[in-house]
Amino acid sequence: MEERKKVKVAIQQHNKQSEKNPYEKVLTPKSKKKTISKLSLWTILKSAFFALIVGAVFGIGMLIFLDISNPATTQTQDDPTPVTADDEDSTENNSDSESIQYGGGNYEVFQLGVFSTEENASSFQASLNTVPSVVVPRQDQFYLLTSALHESVDQSVIEKYLESKDLNQNDGYYLTSWTFEEKTVSSTENNEAWLDEGRSLLEVSDLNAEWEEELTSWLGNYPQSMEDDQYVNELINLTTRESDGDSGALLNRATMFLTLNLLFESIS
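Counting from 1088, one number per residue, gives the positions in the sequence shown under my numbering.
Keep in mind that the hints are not guaranteed to be accurate.
[As the list claims (entries may be wrong)] The following label-pair restraints were derived from C-beta to C-beta distances:
1. Ser1210 x Val1244: 35 to 41 Å
2. Asp1253 x Ser1186: 44 to 50 Å
3. Gly1192 x Ala1296: 20 to 26 Å
4. Gly1332 x Ser1292: 21 to 27 Å
5. Glu1284 x Asp1253: 36 to 42 Å
6. Asn1255 x Arg1328: 21 to 27 Å
7. Ala1296 x Arg1225: 39 to 45 Å
8. Asn1295 x Asn1255: 25 to 31 Å
9. Gly1191 x Asn1295: 33 to 39 Å
[Said to hold, decoys possible] Think about it this way: if two alpha-carbon atoms lie no more than 20 Å apart in a straight line, the pair counts; the simulated EDC-like pairs of lysine to aspartate or glutamate are:
10. Lys1270 x Glu1352
11. Lys1270 x Glu1301
12. Lys1252 x Glu1352
13. Lys1270 x Glu1185
14. Lys1270 x Asp1258
15. Lys1247 x Glu1195
16. Lys1252 x Glu1238
17. Lys1247 x Asp1316
18. Lys1252 x Glu1268
19. Lys1252 x Asp1333
20. Lys1252 x Glu1329
21. Lys1270 x Asp1316
22. Lys1270 x Glu1250
23. Lys1247 x Glu1352
24. Lys1247 x Asp1333
Since the hints were derived computationally from the structure, they do not count as laboratory data.
Using N, Cα and C, we set each Cβ at its ideal position, and we do this for glycine too.
From just these sequences and the hints, can you work out the full model?
Written as structure tokens, this is what we have:
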């Protein structure tokens, strides 16, 4: 009996020694050689180095692209300012700019009326179709004038002609003083010669038939820039109208002389 107990105890001890802890595998895994640490470090370093190279190449490429695509360049203070086409045109226009000296003057003129609108002045001008005249805007009013008394024009001849057309002094007309200021007239190379010739037509001593022919010839060569000028067109109308005798021809030439002065006065 005692011997059977010893055997039983021995068997139980053997079973306890051979039986594994059910948690041993989970809590205490088998150890492995730690060779992964060196491999992981080399992989990380290699990846980082490759990433740096790729980033540097990409960054340099973007800088080159942006520099090529952007046409604007910086300009240092030592660099001369580039001249554009507009600047060249402006320089050429300034170099071609000329000036004509207009002497002006003070003349007695025959005033046929003063109107608040240009339409009223033109309407009255048309009603006096036998009397050459010109509409002059000044200070928000419109004057209808005829005949500047040039030194060669006899005032009495003009007055007799106006009376023959039922226009009497202080009733149909007023004799008034009109001043043309001396000024420098701006010009260009294209019309400088034309304006200079026109100015010489104001510096004559006699408004005779030869002077009228020279004026008519001069008007025939007006530059395109003066095509729509009011006084150029008024002068053309005066040179094409038929004169009523010698006194009518003198009145017409005196009105041409007046209009020529108005032309130069109106040019900036």
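- Task: May I ask you to test the hint 44 to 50 Å on the CB atoms belonging to Asp1253 and Ser1186?
- Result: About 45 Å separates the Cβ atoms of Asp1253 and Ser1186, which means 44 to 50 Å holds.
- For the pair Asn1295 and Asn1255, does the Cβ-Cβ distance stay inside 25 to 31 Å? 28 Å, holds
- Hint consistency between Lys1252 and Glu1238 [alpha-carbon to alpha-carbon, up to 20 Å]: 24 Å, violated
- For the pair we were handed, Lys1270 and Asp1316, check the Cα-Cα distance against 20 Å. Given pair Lys1270, Asp1316 holds - Cα atoms ~19 Å apart, limit 20 Å.
- For the pair supplied as a hint, Lys1252 and Glu1329, confirm whether the alpha-carbon distance does not exceed 20 Å. The given pair, whose Cα atoms are some 16 Å apart, holds under the 20 Å limit.
- Query: Is the hinted pair Lys1247 and Asp1316 satisfied, with a Cα-Cα distance of at most 20 Å?
  - Reply: 32 Å, violated
- Using the C-beta atoms of Gly1332 and Ser1292, is the stated range 21 to 27 Å upheld? Given range 21 to 27 Å: holds, Cβ gap about 23 Å.
- Message: Hint check: Lys1252 vs Asp1333, CA-CA at most 20 Å. Holds or violated?
- Response: Roughly 15 Å between the alpha carbons, so the hint for Lys1252 and Asp1333 holds.
- Query: Do Ser1210 and Val1244 keep their Cβ atoms within the hinted range of 35 to 41 Å?
  - Reply: 28 Å, violated
- Query: Does Lys1252 pair with Glu1268 here, judged by a C-alpha cut-off of 20 Å?
  - Reply: Given that 20 Å is the threshold and the Cα spacing comes to 32 Å, the pair is violated.
- Message: For a C-alpha distance cap of 20 Å, please report whether Lys1270 and Glu1185 respect it.
- Response: Holds - the C-alpha atoms of Glu1185 and Lys1270 are around 14 Å apart, at most 20 Å.
- Item | 20 Å limit on alpha-carbon distance, applied to hinted pair Lys1270 and Asp1258 | With a Cα-Cα distance of about 35 Å, the restraint between Lys1270 and Asp1258 is violated, given a limit of 20 Å.
Checked against the numbered hints given earlier, the structure breaks hints 1, 7, 9, 11, 12, 14, 16, 17, 18, 22 and 23 and satisfies all the rest.
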